[in-house]
Amino acid sequence: MSRRGPLVGEFFMNGDIACAEGGISAGCRFFAGYPITPATEVAERMSSRLPEVGGIYIQMEDELASMNAILGASWAGVKAMTATSGPGFSLMMENLGLGIMLETPCVLVNIQRAGPSTGLPTLTGQGDMMQARWGSHGCYGIIALSPTSPQECYQHTIKAFNLSEKYRIPVLVMADEIVGHMGEKVVIPPPEDIPLTPRRKPTVSPEEYLPYKPDADLIPPMANAGEGYRFHVTGLTHDERGYPVMTAEAQDRLVRRLVDKIEKNKADIIEIEEDGIDGADVVVCSYGISARVSQFAVERARDEGIKVGMLRLVTVWPFPEETIRKIAKRIKAFVVPEINCGQIALEVERCAGGAANTILVPHMGGSAHRPETIIDAIRRAVR
Amino acid sequence: MNQNGSEQKHYIDQYLREDRMPHIWCPGCGLGSILHCFLSSLIKSGIDMDKVVVVSGIGCTGRAAGYVKLDSFHTTHGRAIPFATGLKIANPELQVVVFSGDGDLIAIGGNHLIHAARRNIDMTVICVNNFNYGMTGGQLGPTTPLGARTQTSPIGNYERPFSLPYLAAASGAVYVARWTSMHVRRLEQTITEALLKRGFRFIEVIAPCPTTYGRRNRQPTGLDQMRYYRENSIIRHGADPKDVDIDLNGKIIVGKFIDIERPTYSDLLDEVMQRAFGTELPKDDTSKEEATVVGSAPK
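Top line first, the protein sequences correspond to chains C and R.
Numbering of the first sequence is given in my numbering, commencing with residue 303 and proceeding in unit increments.
Numbering of the second sequence is given in my numbering, commencing with residue 85 and proceeding in unit increments.
A few of these clues could be false.
As the list claims (entries may be wrong) - Examples of chain C residues lying across from chain R (beta carbon under 8 Å, computed):
no. : residue
1   : 396
2   : 536
3   : 539
If you're looking for bench data, these hints aren't it; they were derived computationally from the structure.
Since the model is a prediction, treat every value here as computed from it, not as a measurement.
Glycine included, each C-beta is placed from N, C-alpha and C at the ideal position.
Isolated chain R, as found in the complex:
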């Protein structure tokens, strides 16, 4: 409904499950803007929406899969990437996007992240980082800055956090970028660019979590956190990922850090198959369609 009271659809509405609104995200949360950027990027990229598959793990960000009107999977905690790996390499036609949070992808799913990056599986990972476990009430995680107060670091965090661009780049990601949820236009451009690239693409998006993180760390509202991003973000494209650590309420280096070419998992598989058998990947002699017919059998 617009101001004049007439029904007017927003251009991304067709890709949202309106029957699932309102969403669960808190006032001031960054996830709404990031999901908007993602859907907008999908439209701009011109990718066939029937081939897009969104895979999420568990957590506030993990709920994104349930709000998009696309093939989407809300999997188990930390396991979005291996699930997506199976989807992508079983059907290379799919455009696979993992949309999940820092606790999900970096803590419980950290091992899967580094291995998918190492294999250069063809997928885009959008990792929303709010520095804590929001859904369970704000506990410390692997991205919580040193000194930050959370429900499980009440006197201040004394664990060194991961710098996600550094982790992704070191593991083999071919595209690594970071923005905050304030940088909506730049984020949209970055996601569009990433969607059109091949290989393991990793985008970190810093997002406010006023409810469980901000209010314990002198940024009690979403607006305070947005103001912090505006005043402290430094755009530095091509920055060395090892120099982009984030200190508590400190500067945030944003931009596109890595954009390189490297053969994907499927490229290397095809190459080896060709060398072994002298042809392209052999046509499946019991193709999926045939295999679903009673009595059909391998030739």
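Bound conformation, chain C alone:
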């Protein structure tokens, strides 16, 4: 067998494979996963690619184990990721919480399928968006991206690794079955053109090191296991030493920081795409595959003379509240197509705060919206 390093050039690949290649380009050298449609190709690709670049692929006994194994690998100093879909995503919620509490950089790709339960394993859905935000118990900040194409699957996985290292948090790439299985051109730049964010290492001696003493931006530097720091970390509420403290005050201090480290850095984290919003009467707000269909619908509606803008959420969490609030004051309505019965639409409605209407265009899953459905909603919105 010949060994290939990270790829460079133009390739025809699907979104799942692009996620895997994004991981390779980002320096991911550990993948733990469990086969699940429609995310299996990510694992398959990693099982062939990681050995080629000196990384490790391990197929765990379930998604609980997969999530834990990538947390362990990350603490061993190796960039790590997993990939799954609905039922596996549910199982990962337990230790996504541990990753958030221990502030562990890692990446979780969710190639969404339609649920609930086993649902439509081979067909698309966007029903895990609120689960991505709130799926593990307790309060916390989270970062989730939503790619619309294989090219973005590649780029978002790299971006997810960089954000996870910068903010010490598991980052979610919330793709879906259509994007995951769609084959398109993916351009992979030379490695020197791919900026990678380093892990922030302690600058003090092991004796002085406090694993959860944050820098001014609320992010604590991270020692890896085996480096001589002899630290303790726990999923219990803890102080800066990493020691459990069972008080409301310690809880307030810790959880507030876990939320604030994302909230206060929103300007750096959030990425959105706006198109024709100035002077628009209606704005279609969407993400992932739904945004791609929406873009087509927006262009057709413009052909009819409707003043309609497009707001695409590249980052879904944290939510661009301020942007929605500002736009709401200038338009009649938001139209929110999504392949669920209304999740992100609730956020849009909340942020619009009555200044503009929010028209949900739901879809229960199994396919993308027909553009006509969205065009109809746009027409209704301007009436």
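Chain R: place on chain C using the hints.
Same frame as chain C, but now just chain R:
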């Protein structure tokens, strides 16, 4: 402080987080002695303490990770083994020890235990078995003997328990031993031996839990339970793990049952890599250090 009032450090103090004392364990609990044996074994083994990583799940035993002054992880309930798996195979230099209880490792974590043993992941698992869920107040678990009374088996347990050495051995562990917390010297020798071996090593340590288990089963104090161990333990090295079941207040067969050689997960991985690529595991072309530098990239 010793009897003369002068400060005198015990030799394991340097590996304990004294600022976390007193610990949460009840009077009569076996965990203190077992943790002592473990730290003492670590010292005797001569292993580089900077490379030792202790991983625990949830429960009374799970608190051990928080008391050792070593890299240590207190993870979620049942998940110590997969977390440890990630640590170990991502950095084979680490000496990984899972220190957790029977409810954690055998009930909620049972699936992870059998698979880590099957893969022969290079780690030592110290499983403290007190026959019940102590931290939550004494409910029945997968090791509770038939007939034992617990908070959730008030009229007596009618579920057959797992025999842990049998389970571990059948799943593929290369080293399987059992002692009670009374056998401190033998336990220390066993842990030392296990630490210096490669592969999935499993040590069951039977421990008193007078507060939530003993007092409901005619052994109301730690001392009663220690007396029970002394009078009922039978040392039988090499015993067939299928013959070491524990009945309620019955005989406890202890000793080293399994000590075999089998290629570890990493051995087999290296072998396959060599066959596939004709070299050792390829040197990571974006090593961890390099990957942490802005703008560095794969070659």
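Results of checking the hints against the structure:
no. : hint : verdict
1   : 396  : 6 Å, holds
2   : 536  : 4 Å, holds
3   : 539  : 12 Å, violated
Of the numbered hints stated above, the single one contradicted by the structure is hint 3.
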